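Trainee: So you can see what is in the structure, the chains are spelled out below.
Protein chains: 2
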Amino acid sequence: MCMGDDVNCPDFEAHFRQFKEEINPGRRGFLGAGLIGAGSFAAGGLSLVTPALAQTSAAKAPAAPSYHYLPANSDTVHWGYFSKTLAPKVEVDSGDYVTIETLTHHAADDLERMVQGDEGAESVYKWTATEKGVDRRGAGSTDPAVYKVGSGDGQGVHILTGPVYVRGAEPGDVLEVRILDCKPRPCANPEFTGKSFGSNAAAWWGYHYNDMLNGAKREVITIYEVDASGDRNWAEAVYNFKWVPQTDPFGVTHPTIDYPGVPVDHGLTSRNYDVLKGVRIPIRPHFGTLGVAPAEADFVDSVPPSYTGGNVDNWRIGKGAVMYYPVSVEGALLSVGDPHASQGDSELCGTAIECSLTGTFQLILHKKADLAGTPLEEMDHPMLETQSEWVVHGFSVPNYLGTLGATAQSDIYGKSSIDDAMRDAFRKMRKFLMTTKGLTEDETHSLMSVGVDFGITQVVDGNWGVHAIVKKELFSGRA
Amino acid sequence: MCMGDDVNCPDFEAHFRQFKEEINPGRRGFLGAGLIGAGSFAAGGLSLVTPALAQTSAAKAPAAPSYHYLPANSDTVHWGYFSKTLAPKVEVDSGDYVTIETLTHHAADDLERMVQGDEGAESVYKWTATEKGVDRRGAGSTDPAVYKVGSGDGQGVHILTGPVYVRGAEPGDVLEVRILDCKPRPCANPEFTGKSFGSNAAAWWGYHYNDMLNGAKREVITIYEVDASGDRNWAEAVYNFKWVPQTDPFGVTHPTIDYPGVPVDHGLTSRNYDVLKGVRIPIRPHFGTLGVAPAEADFVDSVPPSYTGGNVDNWRIGKGAVMYYPVSVEGALLSVGDPHASQGDSELCGTAIECSLTGTFQLILHKKADLAGTPLEEMDHPMLETQSEWVVHGFSVPNYLGTLGATAQSDIYGKSSIDDAMRDAFRKMRKFLMTTKGLTEDETHSLMSVGVDFGITQVVDGNWGVHAIVKKELFSGRA
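Going down the list, the protein sequences come from chains A and B. Read in the numbering used here, the first sequence has 403 at position 421, and its numbers run on one by one without any break. Read in the numbering used here, the second sequence has 252 at position 270, and its numbers run on one by one without any break.
None of these hints come from the bench; they were simulated from the model. Where hints are given, some of them may not hold.
For identical chains, the list gives no copy identity; a pair is met inside one copy or between any two copies.
[Unchecked claim] Below 20 Å or equal to it, Euclidean Cα-Cα: the simulated DMTMM-like pairs (lysine to aspartate or glutamate) are: (1) Lys71 to Asp230; (2) Lys419 to Asp256; (3) Lys66 to Glu101; (4) Lys349 to Glu152; (5) Lys199 to Asp393; (6) Lys413 to Glu371; (7) Lys419 to Asp117.
Note that the coordinates shown come from a computational prediction; the quantities given were computed from them, not determined experimentally.
Make the full structure from the sequences, and use the hints.
Mentor: Okay, here's the thing in structure tokens:
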């Protein structure tokens, strides 16, 4: 149902007014407490934003937040990269709300279920013998010899909506991104009313690929159905098929999944509907890729996550979560995409249930000068906060763009290591506990051993991830 | 309160009779269903033991299970190793119940709180100028030149109670170990009535040790208090102290924590009571070490976990959990120890909250000949089942004793790798889903990516661990 966030709803205007009314400060709670101006939630005021910082940040924002809507179409998305060179698609003030449609970059695995009849998706996926709806796909070379017609060479795969320009944001600031809502994009094909669909590709970049039984190598795509009404909290498989060479409209043949958005011709595949019968995947709707533009390069492959966030691929980055990002360029330039209906810790086969979602966010800017003495003072990595947890994200190389130099974007794929990501997660959690909780180093070592959980975020994004979770309740006994 | 499992309780006999009455089949449920003979629990009969196998196994066991009590003292524990050469401390039939006291091997960090007045613990920790209550400590050399008087050289550290001999158990069988209860051992010192205590050592084998700030190296022990009544579900720190060289009763000085059970002389330490103020650690009582004796060597260091279980250090191995172990030697020879009041995934600093616990177990033997076609047919690794989850355990080297040859017990410490443990966990979960759920390889790859969570069990036991969790609810839609 439209909550003021579906521009195709006949009653969109009325729903939109109602939504804006409901999000007025003082009328609607978020995570158990107020919106901007409250600055804390859960028992004991355990937000990383102190009440004082919240007040300071709120005082610098307009008194009444505005609401923005950013649909996903060929004018509002960029495909496969973050870039500080992009023109903003929407400008917001600190405290504003913005609903952002996101499209999965795997929709071409089943155009009938994930694109057909959906005006926005159709404009993005448009690909004829002479043109593509979104020309550049990836951060790579635009040399025509590399692929075709100045379109990137597929280094980077995610369809990202944005960027959102946050007025006043400068390097050194911290951008707080509250995820107020996150729900599946209903299928626009009348044949599948009330449903949403996602694709899971067990692909050549998957962790399993070089370790298949009997030395086999194949890419297999599974299409999942997700209930768009929200009545069911689980997804189920519809069918799967083995990737066979596909020739795109430009006439290039793809023996593997090597370029984003290649339309799958199911006249060539063999669809198997006898798949995962009776298996129900609990849904965990979230954004695999959410972050701000890094300063280090003009075009940055969307696959490896970094200090500015991006493709963190943690399923906890969904409704009710708050992300904190260090701002790297003027305006922050937030983009979001890679929507997932569900994912397990590790994203083992290379992808999640890749399913278009629409999110509603509140963006709050915290200025560098105001951070001193607050938990956000030294926040130089993407930080996740939920109602009950704080989560740091370790990577094989924390800031690979800064560390690996000119060839960083190719070299990072040779650095994939859980061991290295664990090392980084350990250091980040230690620093987090020492700086935000005032613990000594010895206290943190003990606490991390008896009360912090380390998990494997993903082993498929070049820059592999380990997250560390500390529950807020550990500090509930503090004054 | 004594539930028929505290021999020091004045009403032990009455409580014991009541306990035995309550555990009669048909009178008391376990994990939502019956005991032996029911063989399934949770919705949909989702136990790894099929109803048919449960009946078959029950038919081979005595009609009425017996109850046994194994206290912990110098006669019933072995220190630092598993061994197929040990004489059983108790013999049981399949289906029997046994309450086993376990002692933490870190109790000498605070003898006043964890040993004094506790007859069993005192007998184990006894150490005079001429003798030790438990002489051999570790799987290592008994050459007097290595340490002292034929006592092992500290290769292996855990105080293990047992072994329990299961009548009829032979290599190739599977032993099911149901953990019916698991609770802290009350402090016997009248000064601390109603409390239990544990020790956390941030030690030289910890993950943090070579990565401390400013290149420092120190070992720090934190003493935690745990509520023995069960009214509080959290532990809190009491004090911490830096390890300073300690001279044991034999006159050997220990500059680091290099030998099990060295009594700490607090006249030499400086205790800091201003530690982790207001921090409450949620308790997760469990057995760090639980397993059967391996066939590959006579004396096996208790530190690295292996295919027979042992020091798996997964905090989920607590009350309500069921472990399955492949039997490797006649009688299975189950031992248990390394009790923990709480631990985080990774056990980062080297130890958990090491706290003596008493557990009540039911042991059920499944004969090799009866396993064909059941989920236990090819179970060649320690497998955890809870009411809601199945958990496989991957290790850097799955069966290091078999793989690394004669020098396995030293070589394994050079093989520590989360990356390798992840590889093993992936392969085990794939095999588990294919064999027990009848999925194809392609189905498992997709399912593992969208519905299985991989976490870091421990990075401190030589043979590092990664676990993979699949929730039973994924299969709740199956007929």
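Trainee: Indicate, hint by hint, whether the structure satisfies it.
Mentor: Hint check results:
no. : hint             : in the structure
1   : Lys71 to Asp230  : neither (29 Å within a copy, 71 Å between copies)
2   : Lys419 to Asp256 : between (52 Å within a copy, 14 Å between copies)
3   : Lys66 to Glu101  : neither (28 Å within a copy, 70 Å between copies)
4   : Lys349 to Glu152 : within (8 Å within a copy, 68 Å between copies)
5   : Lys199 to Asp393 : neither (24 Å within a copy, 33 Å between copies)
6   : Lys413 to Glu371 : within (16 Å within a copy, 33 Å between copies)
7   : Lys419 to Asp117 : neither (48 Å within a copy, 44 Å between copies)
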